[in-house]
Structure formats: structure tokens, C-alpha cells
Amino acid sequence: MNPRRQKRLVAVVAFVLLLGGAIGAMLYALQQNIDLFYTPSQLIEGMGDDKVKPEIGQRLRIGGMVVKGSVRRDPNSLKVSFDLVDTGPIVTVEYEGILPDLFREGQGIVAQGVLVDAKTILASEVLAKHDEEYMPPEVAEAVKGIKHVAPKNMQSYGQPKVSEPETTTPEQGKPAGQQP
Amino acid sequence: MWGSMFRWLDPYAKPETLYHLCGRLLPYLMGLALFTLLLGNIWGLAFSPSDYQQGDSYRIIYIHVPAAIWSMGAYSSMAIAAFIGLVWQIRVAQWAVLAIAPIGAVYTVIALLTGAAWGKPMWGTWWVWDARLTSELVLLFLYLGVIALAGAFSEAARGIKVASLLAIVGVVNLPIIHYSVEWWNTLHQGATITKFAKPSIDPSMLWPLLISLLGFALLLAALTCLRLRSQILIFEQHRPWVRQWVDQQQGERG
Numbered sequence: 000m001n002p003r004r005q006k007r008l009v010a011v012v013a014f015v016l017l018l019g020g021a022i023g024a025m026l027y028a029l030q031q032n033i034d035l036f037y038t039p040s041q042l043i044e045g046m047g048d049d050k051v052k053p054e055i056g057q058r059l060r061i062g063g064m065v066v067k068g069s070v071r072r073d074p075n076s077l078k079v080s081f082d083l084v085d086t087g088p089i090v091t092v093e094y095e096g097i098l099p100d101l102f103r104e105g106q107g108i109v110a111q112g113v114l115v116d117a118k119t120i121l122a123s124e125v126l127a128k129h130d131e132e133y134m135p136p137e138v139a140e141a142v143k144g145i146k147h148v149a150p151k152n153m154q155s156y157g158q159p160k161v162s163e164p165e166t167t168t169p170e171q172g173k174p175a176g177q178q179p
Numbered sequence: 000m001w002g003s004m005f006r007w008l009d010p011y012a013k014p015e016t017l018y019h020l021c022g023r024l025l026p027y028l029m030g031l032a033l034f035t036l037l038l039g040n041i042w043g044l045a046f047s048p049s050d051y052q053q054g055d056s057y058r059i060i061y062i063h064v065p066a067a068i069w070s071m072g073a074y075s076s077m078a079i080a081a082f083i084g085l086v087w088q089i090r091v092a093q094w095a096v097l098a099i100a101p102i103g104a105v106y107t108v109i110a111l112l113t114g115a116a117w118g119k120p121m122w123g124t125w126w127v128w129d130a131r132l133t134s135e136l137v138l139l140f141l142y143l144g145v146i147a148l149a150g151a152f153s154e155a156a157r158g159i160k161v162a163s164l165l166a167i168v169g170v171v172n173l174p175i176i177h178y179s180v181e182w183w184n185t186l187h188q189g190a191t192i193t194k195f196a197k198p199s200i201d202p203s204m205l206w207p208l209l210i211s212l213l214g215f216a217l218l219l220a221a222l223t224c225l226r227l228r229s230q231i232l233i234f235e236q237h238r239p240w241v242r243q244w245v246d247q248q249q250g251e252r253g
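Those protein sequences? They're chains A and B, same order as listed.
Note that numbering that gives the first Met the number 0 has the first sequence beginning at 0, numbered continuously upward.
Note that numbering that gives the first Met the number 0 has the second sequence beginning at 0, numbered continuously upward.
Isolated chain A (complex conformation):
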């Protein structure tokens, strides 16, 4: 390689390494701020090495699995409340509005709202999260024991009951991803 090329090669590589390093350091410093949401255990036990807990009144997003049997609906309005869990602690979300189609017990969701007390969030938006697995219904039934239920058969979602934790959908087999 001739000296001019070598010089250019060194210059370009040094430039890229420097800038790449700077961006890497920046992302590392911003690490906690890039997370889209708190998990229930981060919310209750605190986040990161400093165990920083969010303050009451703070706007935040929370993400976790909907606890089976925890969905309670107000018969006269669109108010709904449910519990979220990841690896231990449970957090309650209260919400008024239409839930996404994928919302169901055992499903991962992300809710945005205000922390009203240490374990309760008043949500203004609820988004469903889905996993990266794709399979036909027959395979899901064989592999995971999930029986496909057409939306019109999901009676409990049309006939809400209040404050009864045992209110569940008709038996859908074992919950999809409820592995705290």
C-alpha cells in the first residue's frame, strides 16, 4: 500500500473510531433514559445502580404482563383496571378507554400515565406488546396449549363484572406468556 493511501486509511479509521467512541459513550450515559418504560420491579425497587424510584405525580410508562384474573371493568363506563407483573412486584393500572385488540390476560402491555401512588398508575394510553413468535393456531394449540378463540366468543369482555378478581375469559387453556 503506498504511503498516501496508508495516510488516508489511518485518517478515516481514526475519525470513525473517535466518533463511534463518542456516540457509544453518549448512549452508555443515556442508557436509563432510552428505555421506553419501567417494569413493575423497577418501579417499586428502583432502577439502575442508584435504585432511583419515580416520584408520585411523575408521568411515566410502565410495561409488564397483565396478571391473569386481575382485569376489572366498570359496567357503566369504559373504566378498567388491571395488574401488571414482571418478576415479582405487582402494579395496578387504571384506564378509561378502548383497549387494543391484543390486550388480554397474560399479554405484555405498555401503559403511559401518571403515578398516583407507589403502586398505581392512572393511564392515558395502553399499548399491546407482542412477542417475536409467529405460528399458525393449530401449532400454537399443540405447542403452547393455547386454544384459538374467535373474538365473538370472548363473552367476558362484553359482559363486564366489577371487582371480581376471578372474572376471566372463557378458558383459553394455559396463558400464553405468564412466566413471571
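For the record, the hints were derived by calculation from the structure and aren't laboratory data.
As the structure is a prediction and not an experimental result, all values here were calculated from the model.
The beta-carbon is built from N, C-alpha and C at its ideal position, and this holds for glycine as well.
Mixed in with the good hints there might be a few duds.
Claimed, not checked - Label pairs and their in silico Cβ distance ranges:
(1) K194/B with E93/A: 34 to 42 angstroms
(2) R242/B with G23/A: 49 to 57 angstroms
(3) R58/A with A156/B: 18 to 26 angstroms
The hints should help you fit chain B onto chain A, whose structure is shown.
Only chain B this time, still in chain A's reference frame:
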């Protein structure tokens, strides 16, 4: 070491040779691309089974995933071309940067739009500022930056040089896009096929996806050949070989 390893590539650094090579490859690439795209998408959209959770909505995966993967693939090829163009000062490599950038930008737009259309029915929102979506948007801005910088100087060679630097630096964004779903909490789910473990998608859905992936790659190659040819003509228009070639083409046409 470098000399002997890449010696066979030397003839193609000559614009005229590369122009004719691209011309010969173009019909095959385009034909194969159309065939695989039609096969993969018809199979995926009409014949593969629907998903146990998402029903038919998941089918947009056959466009979204290939477009997203090759938006990153196009960027790596563009950055490699930029690197070769900067260090070895090979002009056709510099022109390849100009040729690939708009194609990659369009792939990125397709990935972002199909992602939004998928997000609305499944997640319940068109857009969320999570790490995956944001870093893919940054990729679009990088492409636009490369295109804009290349055209921002009255002296074309200078513009290409600056644009090439941006293209190379932007490579740091690629691992960020790929690993964003592992490093941070995101609404976007993790990788289905681009991981070392077994793909978490049923074979009946995987095959059309792989064919569609191949189709998007072939289309990228075909469009690159097409655009590289025009770039070569633009930059070499005053050379005798272009004159000769044009005369020859006109003679054949009558």
C-alpha cells in the same frame, strides 16, 4: 497482501468495464427479483397460515422485515463503497455511494411506513419513540444526509468525499438498530430470524419470508446496477468511450 487478494477486481474499477458488466447483469437480477418477490409475497400474503395471536395482520411481515433488513444491508454496502472510494480513491466506488443512497432511503421509508401500519392494529399506535423505531428513523436521516451532502458542493468530488465520511460514520447506527430491542425496553419485539438461535417462526411462515428476503436483496442489486450505470454515464459523458457507445447504440437502432 491487499494487492494479490483483490487483484481480480481491478478491471472493474474501470468505468467502461463496470458499465457493461452492470448492463449484462441487470436483466437477470431484475427478472429473478420480480420472480422471487411475486412468489414470496403471493405465498406469504395469500397461502401461508394466519398467526395464532395476530391473525392476518402479521402478513405485513413479508414486506416489513425484508425492507428493514435490506435498509441496513444497503447502508453497509454504501459504507463499504464509501470507504473504498475514500481510501483507494476509486471513482466507481464513489459513484456507487450515490447510486445506493436513494434506494436505501426508499427501503427505510417502506420499513417505517409498513411498521406504522402494523403497529396501529397490533400495538394500538402508529408511532412510539422507542429505541428500535427511533434508530431506524435516524437511519433514514443518515441516508438523506448522505444524499444532501453529496449534492451540496459545486465541485462534485468534494461533495462525494464529505458524504462518504458521513456514510462511514453512520455505520455505528447499524448495531444500535439491531441490538436496540435487547439493550433497552422497547415496544418493538425482539428478533425473529436475525439471531443465532432457531428462528421463532413456524416453517410454513418462514419459507415465504426467506424468499421475500431474497427478492428484496435481488431488487436492491438490480436497482443498484441500474443507478450505477446512469451515474457512470453522467460522470463520463465527455469520454470517448461513451460517445462511441452511444453512436453504436444509435446505429443499431437504425
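Indices of hints not satisfied (ascending)
Going through the list in order, the structure violates hint 3 alone and respects the others.
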